[in-house]
Amino acid sequence: MTQAPAPSTQAAALGPTPFARYAPSFKLIQAHFGLGLLGLVTFSAMLALRAGEIAGFFFQPLLLGLVHLCVLGWLMPIALGAMHQLVPVVFETPVRSERLAWSAFALYAVSMPIFITGMWTFALGWILPVAATGTATAIWLYVANLVATLARSRRHSLTGLYVKVALGWLLLAVTLGALLAWNLYRPYLPLFHIALLRAHAHAAGLGFFGLLIMGVAYRLLEMFLLSHGASERAGRVALVATNLALLALIPTLAFQLGTPALALAAAAAAVGVASFVWQALAIFRRRTRRRVDVAWGHTAGALVYLVLAAAVGAGLALGPAREPWLDRLHLAYGLLALVGFAGSIVVGQLYKIVPFLVWLHRFAPYVGLKRVPSAAELLGERPKQVQFALMHAGLIALIVGVVVDAAALRVAGAIAFVASSLLFVGNLGVVMARRP
Amino acid sequence: MTALDQTGSVEQAAREALFEVHDPETDLNLVDLGLIYRLTYRPETRKLEVLMTLTTPACPAGGMIVDGVQRRLALLPEVDDVAVEVTFDPRWTPEHISTDGRVFLGW
Numbered sequence: 000m001t002q003a004p005a006p007s008t009q010a011a012a013l014g015p016t017p018f019a020r021y022a023p024s025f026k027l028i029q030a031h032f033g034l035g036l037l038g039l040v041t042f043s044a045m046l047a048l049r050a051g052e053i054a055g056f057f058f059q060p061l062l063l064g065l066v067h068l069c070v071l072g073w074l075m076p077i078a079l080g081a082m083h084q085l086v087p088v089v090f091e092t093p094v095r096s097e098r099l100a101w102s103a104f105a106l107y108a109v110s111m112p113i114f115i116t117g118m119w120t121f122a123l124g125w126i127l128p129v130a131a132t133g134t135a136t137a138i139w140l141y142v143a144n145l146v147a148t149l150a151r152s153r154r155h156s157l158t159g160l161y162v163k164v165a166l167g168w169l170l171l172a173v174t175l176g177a178l179l180a181w182n183l184y185r186p187y188l189p190l191f192h193i194a195l196l197r198a199h200a201h202a203a204g205l206g207f208f209g210l211l212i213m214g215v216a217y218r219l220l221e222m223f224l225l226s227h228g229a230s231e232r233a234g235r236v237a238l239v240a241t242n243l244a245l246l247a248l249i250p251t252l253a254f255q256l257g258t259p260a261l262a263l264a265a266a267a268a269a270v271g272v273a274s275f276v277w278q279a280l281a282i283f284r285r286r287t288r289r290r291v292d293v294a295w296g297h298t299a300g301a302l303v304y305l306v307l308a309a310a311v312g313a314g315l316a317l318g319p320a321r322e323p324w325l326d327r328l329h330l331a332y333g334l335l336a337l338v339g340f341a342g343s344i345v346v347g348q349l350y351k352i353v354p355f356l357v358w359l360h361r362f363a364p365y366v367g368l369k370r371v372p373s374a375a376e377l378l379g380e381r382p383k384q385v386q387f388a389l390m391h392a393g394l395i396a397l398i399v400g401v402v403v404d405a406a407a408l409r410v411a412g413a414i415a416f417v418a419s420s421l422l423f424v425g426n427l428g429v430v431m432a433r434r435p
Numbered sequence: 000m001t002a003l004d005q006t007g008s009v010e011q012a013a014r015e016a017l018f019e020v021h022d023p024e025t026d027l028n029l030v031d032l033g034l035i036y037r038l039t040y041r042p043e044t045r046k047l048e049v050l051m052t053l054t055t056p057a058c059p060a061g062g063m064i065v066d067g068v069q070r071r072l073a074l075l076p077e078v079d080d081v082a083v084e085v086t087f088d089p090r091w092t093p094e095h096i097s098t099d100g101r102v103f104l105g106w
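Chains as they are written, first to last, in numbering that gives the first Met the number 0: chain A, 0 to 435; chain B, 0 to 106.
Errors might be hidden in some of the hints.
Unchecked claim - The calculated label-pair distances, taken between Cβ atoms and stated as ranges, are:
1. A:R434 - B:D88: 31 to 41 Å
2. A:L99 - B:R90: 33 to 43 Å
3. A:L246 - B:E15: 55 to 65 Å
To be verified - Computed, partial: chain A to chain B, Cβ under 7 Å:
4. V88
5. H227
6. S230
7. W358
8. V366
9. G367
Claimed, not checked - To spell it out: a stretch of chain B is covered by chain A in this simulated footprint if at least three of its residues, at any positions, have a beta carbon under 8 Å from a beta carbon of chain A; those stretches are:
10. 56-70
11. 100-106
Honestly, the hints are just simulated from the structure, not real lab data.
C-beta atoms are modelled at their ideal positions from N, C-alpha and C, and glycine is treated no differently.
Make a model of the complete structure from these sequences and hints.
The following block contains the structure:
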């Protein structure tokens, strides 16, 4: 054993750690994760049922329904749950109002499925914009609560900066979304609907999910890999470059300003993505825990999907304006970014977060009294490996099937993906059921 | 046994006991992880004082780890009272991990 360092005689006693002091109730997190997992199963089931029809221009009920089911049904509740867990710990301040968080959750859980049904069918009349406004209101309440939480904190960190900026883009994305839903019911906006829809999608996808995932990933990578001492410079560059890309991209898309502005946005986005990947690898290289598990396989996969999405996105921004095959690349771009990047990282990190939370709430009280399993031991590696293989084989088949327009390949990929989703939920269920 | 012998023996027993308390994420015990800075036994009061650290001040499992140390050491027959103090001076770095710990972590 190495010699322990001589401690300072001025060591200060520490009270409860930030987690113990500031984390919200476990039930709040469970409710969000539960809703998100239900959304994942529903999304993947609908994907499998309709995979043969995933083709053509993206503005059609089936594709808009699927995208919103993926984003609002699956990814958003998980992101909101994770933020309510992480923000209090990172900023060392409790959630401003847990009651408001529950109210927002209730409103979201009621209005979001109605809104998605409306998008899917295009046949709900006034109910669609009302449900969209309900969903948007719930998210505004979440953002208000999180902003009020952040306002009470004196802690500054790179992750915190990412979270604050991501919340700003979320506000824009949700507001645009609600305006678009009313415009779909009774057209009133002076701008082209599909141009605004593109701006809305990028504010949500890159602005909110992209920046949130980047910022939170730095923190989670450090925490779960016990990584120490990596410089944050690339992470800062990624934050600035990605925001510059968004500042160029959103007005360019909304007002259809043309290729030169899109080229600028694509270049800044490429710098942002490259810097993020560089920062993630820097943290990974400095890890104390050398052996890596399946969760990190998902994270590595997510980085590959992100780079591919950025390349396809740049190609679409700079390429020809209208060719029949471009529709297929647009769909592939969405799949790579949303399901590939965001979905993989969500799945990978839930494999770390859920066992850790179960360990903290159920097993920690027995530490010191008897041998308790580690967080990783709450679920064996084998089921996770099978889920990993199914998910990524399915996803790759689905994306290739979209690009080459092969319906059978899309269906096979979607079936593998739905199997992986069910196995994923089952795996987390096994963890949730563990008792000391 | 002299008081000095007893002190050394209890401190050694305490260190051995802390090999049974593990970090939840790495599953490495706290001694090999290098979190235990000092153990001091006061025979006159049967009090055991622990000076330790965490891998980071924001460690989400920190409170539970400290509680675990307290619970395990309170089981020692010679100990009536355990006082755990957490310090971040010096800060923990990977250099604090023992040779056995490094092997365990796959270095």
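- Task: Compare the structure with the hints numbered earlier in the document and write down the numbers of the violated ones, lowest to highest.
- Result: When the structure is compared with the hints, only number 6 turns out to be violated.
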